[in-house]
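Chains as they are written, first to last, in our numbering: chain Y, 75 to 435; chain B, 12 to 279; chain R, 341 to 586.
Simulated from the structure, these hints should not be mistaken for laboratory data.
Wrong hints could be hidden among the right ones.
Stated by the list, open to error - Taking lysine-lysine and the DSS-like style, the derived pairs with C-alpha atoms no more than 27 Å apart in a straight line are:
(1) B:LYS160 / R:LYS462
(2) B:LYS160 / R:LYS477
(3) B:LYS32 / R:LYS462
(4) R:LYS569 / R:LYS557
(5) B:LYS249 / R:LYS458
(6) R:LYS483 / B:LYS90
(7) R:LYS569 / B:LYS32
(8) Y:LYS107 / B:LYS160
(9) B:LYS160 / R:LYS458
(10) R:LYS483 / B:LYS32
(11) R:LYS406 / R:LYS355
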Amino acid sequence: MHMADALLAPGVAATMYVASGTVAGLSVKTLTKDENTQKLPTMAVASALVFAGQMINYTIPGTGSSGHMCGGMLLSALLGPQAGFLSMIVVLTIQCLFFADGGLMALGANIWNMAFYGCFVGYYLIWRPIMQSNLFGNMEPRKAQRARIIAASLIGCVVTLQMGAFSVVLETTLSGITELPFGAFCALMQPIHLAIGIVEGLITAAVLTYVYETRPELIRDVDLTAQSAEGRNSKPLGVVIFTLAMLVVLVGGVFSHFASGNPDGLEWALFGNEEAGYSANMGLDEENFGVSSQVADSAASIQEKTSFLPDYAFADSDSAMGTTVSGLVGSAMVAAAALAICFAGHFFRKRKPEELDPAVK
Amino acid sequence: MSRTIDQSIHDLREMDELASKASPIHAICAAAKLLVTVAYIMIVVSYDKYNMSGLLFMVFYPAVLFAVSEVPVTTCLYKLRFVLPLVCAVGVLNPFLDRTPALTAGSFVVTTGMISMVTLMTKGVFCLMASFLLMATTRIEAVCSVLRKIHVPSFLVTLLLLTYRYAAVMAEEVGVMTNAYSLRAPGQKGIHYSAWGSFLGQLLLRSMDRAEELYSSMLLRGYRGEFYYTEERAWSAKDAVYAAGWILFFIAARGVNLTRLIGMLVTR
Amino acid sequence: MIRFENVTFAYERGKPVIQSVSFAIHRGETVGLIGANGAGKSTVMKILLGLAGPGAGAPGQYFDGKILVDGMEVTPANIARIRQKLGFVLQNSDNQMFMPTVLEDMLFGLLNSGMTRKEAEKKVDEILQSLGLMDLKYLYNHKISGGEKRMAAVATVLAMEPEVLLMDEPTSALDPYNRRVVIRAINNLPQTRIITSHDLDMIYDTCSRVILLTGGKVAADGPAEQILKDEELLMANRMELPLRFQ
Chain Y
75 MHMADALLAP GVAATMYVAS GTVAGLSVKT LTKDENTQKL PTMAVASALV FAGQMINYTI
135 PGTGSSGHMC GGMLLSALLG PQAGFLSMIV VLTIQCLFFA DGGLMALGAN IWNMAFYGCF
195 VGYYLIWRPI MQSNLFGNME PRKAQRARII AASLIGCVVT LQMGAFSVVL ETTLSGITEL
255 PFGAFCALMQ PIHLAIGIVE GLITAAVLTY VYETRPELIR DVDLTAQSAE GRNSKPLGVV
315 IFTLAMLVVL VGGVFSHFAS GNPDGLEWAL FGNEEAGYSA NMGLDEENFG VSSQVADSAA
375 SIQEKTSFLP DYAFADSDSA MGTTVSGLVG SAMVAAAALA ICFAGHFFRK RKPEELDPAV
435 K
Chain B
12 MSRTIDQSIH DLREMDELAS KASPIHAICA AAKLLVTVAY IMIVVSYDKY NMSGLLFMVF
72 YPAVLFAVSE VPVTTCLYKL RFVLPLVCAV GVLNPFLDRT PALTAGSFVV TTGMISMVTL
132 MTKGVFCLMA SFLLMATTRI EAVCSVLRKI HVPSFLVTLL LLTYRYAAVM AEEVGVMTNA
192 YSLRAPGQKG IHYSAWGSFL GQLLLRSMDR AEELYSSMLL RGYRGEFYYT EERAWSAKDA
252 VYAAGWILFF IAARGVNLTR LIGMLVTR
Chain R
341 MIRFENVTFA YERGKPVIQS VSFAIHRGET VGLIGANGAG KSTVMKILLG LAGPGAGAPG
401 QYFDGKILVD GMEVTPANIA RIRQKLGFVL QNSDNQMFMP TVLEDMLFGL LNSGMTRKEA
461 EKKVDEILQS LGLMDLKYLY NHKISGGEKR MAAVATVLAM EPEVLLMDEP TSALDPYNRR
521 VVIRAINNLP QTRIITSHDL DMIYDTCSRV ILLTGGKVAA DGPAEQILKD EELLMANRME
581 LPLRFQ
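With the rest of the complex left out, here is chain Y (with noise of 0.2 Å):
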């Protein structure tokens, strides 16, 4: 899920930078606000562990593939949210700069859609009230808790993981980067990131079930006394099913406006219509595609909106694709010129000895 720079429009990444830059402020006031220095090893070893758990290759019984664990809802589980936030922005920030998983400029859009979601909404929405809740109570108490754990995790890490995938589409469509309606990219991204979220829920119930069994003192909201059922409360539970019916509620109502490609719905103000001189139908051939006018829409639509937002060309706005010759011709010798220059490095490298460092082996 990790997004690359070309995906991003700087608006919008720079929006996403002031987001996640503002919950990172808040996080660092809130766990500095106490004198407690014992925190900053303890996260800097589980950020540690989670890029290198990252690699672990746990395959799907049943299938030959294998999943992966993103995390988000390991940490929280384990640090609190404010903690596992941090935690994660590191873990984003390490594979962004030493392995280009992640743009420069999409980290704030990256630490967002894989942090905050599952940090502060898997934590506070669905983590916290199902270990607070009755949920299973009529186990016995210390299996109660173990299946609330597997309970919290599979649901946590579904659901922020859609989340984040559907914050992906949505951070492209309003970049105008893909042709891709959004319907469309939504159906290929959200299925497979459904997947991908049972398995990681998987994978992070067993980590913490055994956490449980061994330690269970490290993770939170866990009750060690292991009381009865008696006394426990329900109602954060209700609320939070509640709202996460209305976000789906929300979402799907978004989703299927989007799909359902009817043109009247989208006349939105803010983005134009055919009166306004915008094609309804902007390089569509629909004879040779044969598509079904209802992707077609939804595709002008996207046309509309995308040729509506703030164009980044300075001056130069005609579509300078090198339709004349002599756009071709100076791509040509451009890059001629970029290969040159290269060899060039590379020649002169031969001829002098590498210096190096002094202060390195």
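With chain Y's structure known, arrange chains B and R on it following the hints.
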């Protein structure tokens, strides 16, 4: 199974080694390089999706930097394997969805959809090269010192430094455990679900113990919540010229389609 | 310099980890703390450093007796000053060297003690020169070998100029060459040294006095020359003679 782990440890070490070399680019201060990289990425991304020829001129930045810094291009291109899949997935349908013909070469029609796909992928490659070049010529301590200068909270920067320190250590531990596992389960390709919990769980518990020892170690050296960072030298004239020069170049390239200009000069 | 007076310590009531431990270590001595696994050696170090017990101020831990470092009792109030006198080289150097580079690790403690950066860097150069380790200065901690890391850890601790150097298994996991380097380094130090180890040959090469712990109690306390050649005593306490005497 442990190939990914070995590869990751190798990648981490590789970037360290590249950043520790000497070249005129390595000598530029981190802040200037970061500024230029961000400017480059933002401007590359701002090209509209059909402006392939204009975009192409931006190749000079990575080309010059690769040549002068002596950082290998192949290493960079190998890193493409992470982000390119998603970029391709997003762009690959463009030629099918956007079929406005742009130009014809004999019987082959190049559509705007094809152009937008190529533009997207080119942007992806250019942006990746820019951040790769930044990290291949700048040590992590220098990056952290710049982050502090732009007021990223020290808590977060310290966390980044410490995590970086232990990332390779943990990766090695995972590698050792993975090897031990595969030696006892030769037919399996990954971790069997019956061991999912205990495999990472054990590592997690050991890590918490390690965190405690680490904390003790810090306390014994007087840790009271403050960390100290390598001080980067202040901006010099060289850095200012570097930054200003490149940024002006980017703006000029963005403003005028220099590629076409060159072509016009030749074809006149 | 360091005095344990009838110290008993337990993490949980009723299960003492060390019982009625008494000894006195004088300035300049090199003492080997030996014993089987679980005998209580690490616990002695920990409570001395305030990582457990009275110095840590941890509730729920049971402690009796007195520990004095240079006349100061080990309490949460004194522990900062006590730690300035004590240097501890951990068994696991990875957990000790937590900054990216060796230089930064060495600077960490010095800067925390209030030195300016210039002064601290000078001190670092001094120590590295004296140990012949200048090559390590700018290296990344996660890339140097185990032996180099161990030496870097020793250098880091020495940079803080402790009066007492505590070392937990300093030669473990080292190849013979590095082991010799560490032994030589230990022997050249002016500080009071307390070393825990299973490497009895190394203890014999470095320590003038040995304290043998068994089951949390002091089973023997005397000259290394005497204890390390006493086969009966060692075998009775789940130890054996150093290899060179076997």
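Verification of the supplied hints:
1. B:LYS160 / R:LYS462: Given pair B:LYS160, R:LYS462 holds - Cα atoms ~26 Å apart, limit 27 Å.
2. B:LYS160 / R:LYS477: With a Cα-Cα distance of about 25 Å, the restraint between B:LYS160 and R:LYS477 holds, given a limit of 27 Å.
3. B:LYS32 / R:LYS462: holds, 25 Å
4. R:LYS569 / R:LYS557: Since the Cα atoms of R:LYS569 and R:LYS557 sit roughly 21 Å apart, the hinted pair holds (cutoff 27 Å).
5. B:LYS249 / R:LYS458: holds, 26 Å
6. R:LYS483 / B:LYS90: holds, 22 Å
7. R:LYS569 / B:LYS32: violated, 54 Å
8. Y:LYS107 / B:LYS160: With Cα atoms ~22 Å apart, Y:LYS107 and B:LYS160 stay inside 27 Å; holds.
9. B:LYS160 / R:LYS458: holds, 21 Å
10. R:LYS483 / B:LYS32: Since the Cα atoms of R:LYS483 and B:LYS32 sit roughly 16 Å apart, the hinted pair holds (cutoff 27 Å).
11. R:LYS406 / R:LYS355: Given that 27 Å is the threshold and the Cα spacing comes to 19 Å, the pair holds.
Checked against the numbered hints given earlier, this structure breaks only hint 7.
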